[in-house]
Amino acid sequence: MKPLSKLCLIAASLLMLGTGSAMASDIAPVKADNVVLVHGSWADGSSWADVISRLQAAGLHVTAVQNPLTSVADDVAATQRVLNQQDGPTVLVGHSYAGTVVSEAGVNPKVSSLVYVAARAPDAGEDFVALSGKYPTMPVRAGTEEHDGFVSLKQDAFLKYFASDVPHDKAMQLFAVQQPIAKTLFTDRTTAAAWHSKPSWYAVSSLDQTISPDLERFLAKRMGATTIELPSSHLSLVSHSKEIADLILEASGR
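Numbering (mature numbering (1 follows the signal peptide of the UniProt record, and there is no 0)), first residue to last: -24 to -1, 1 to 230.
These are calculated hints, taken from the structure and not from any lab test.
Computed from a predicted structure; not experimentally measured.
All the given hints hold, so there is nothing to weed out.
Estimated spans, in silico, between C-beta atoms of each pair:
#	residue 1	residue 2	range
1	Ala33	Lys159	36 to 46 Å
2	Lys146	Gly101	36 to 46 Å
3	Pro207	Thr160	32 to 42 Å
4	Pro115	Thr160	16 to 26 Å
Where is the CB? At the ideal position from N, CA and C, for every residue including glycine.
Make a model of the complete structure from these sequences and hints.
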């Protein structure tokens, strides 16, 4: 076979194999004027406050979802309601547990790109608890407490492990507005993984004590995401709001 023919054959083979997340990572971001932010467990929409200010200053229309944290289906439905109100391409962003939500809701045709911030990113139908079990159990887990079927973080664990690099006064404010999660929330499974078909970005928190940084790195690599790594606690959206906002701006095509 001539060299040119071999090259053509290789190129054709790569095109045939280039499906899923590998192909998605090569797609240039569509310019989007809208951003939808989805908060994670033990938080509410106010955790995005500093990021929101930066994105609004850049001229973006920003909406923060208020998740009920009662089930993945309920949180996806809340996110879809917000997405359906957007006018045009939208960057969908999830922090922590909300990576599960954006992986499912991200199939919405209005979503042009996905951003994961120290986030879960399950594949469709994946047992994420089993996947997480392959990595170290992080210290924050020892600080959970259950009341009436909902789980929250004790103050000491919240300050020491969840928000370890957030100024004390700000961390106390976030502790005051934390939303308990249904005790079954983390065992729910998704039916879709939008990162297979949408360009994705991922911010790893290298000092995370809530989700293993190595698990975050694995998830970012698996989805073929454009990845940054920050010397941050789990709450990089608070302690590194500029870097997170810049990553979202990149995903919006700016």
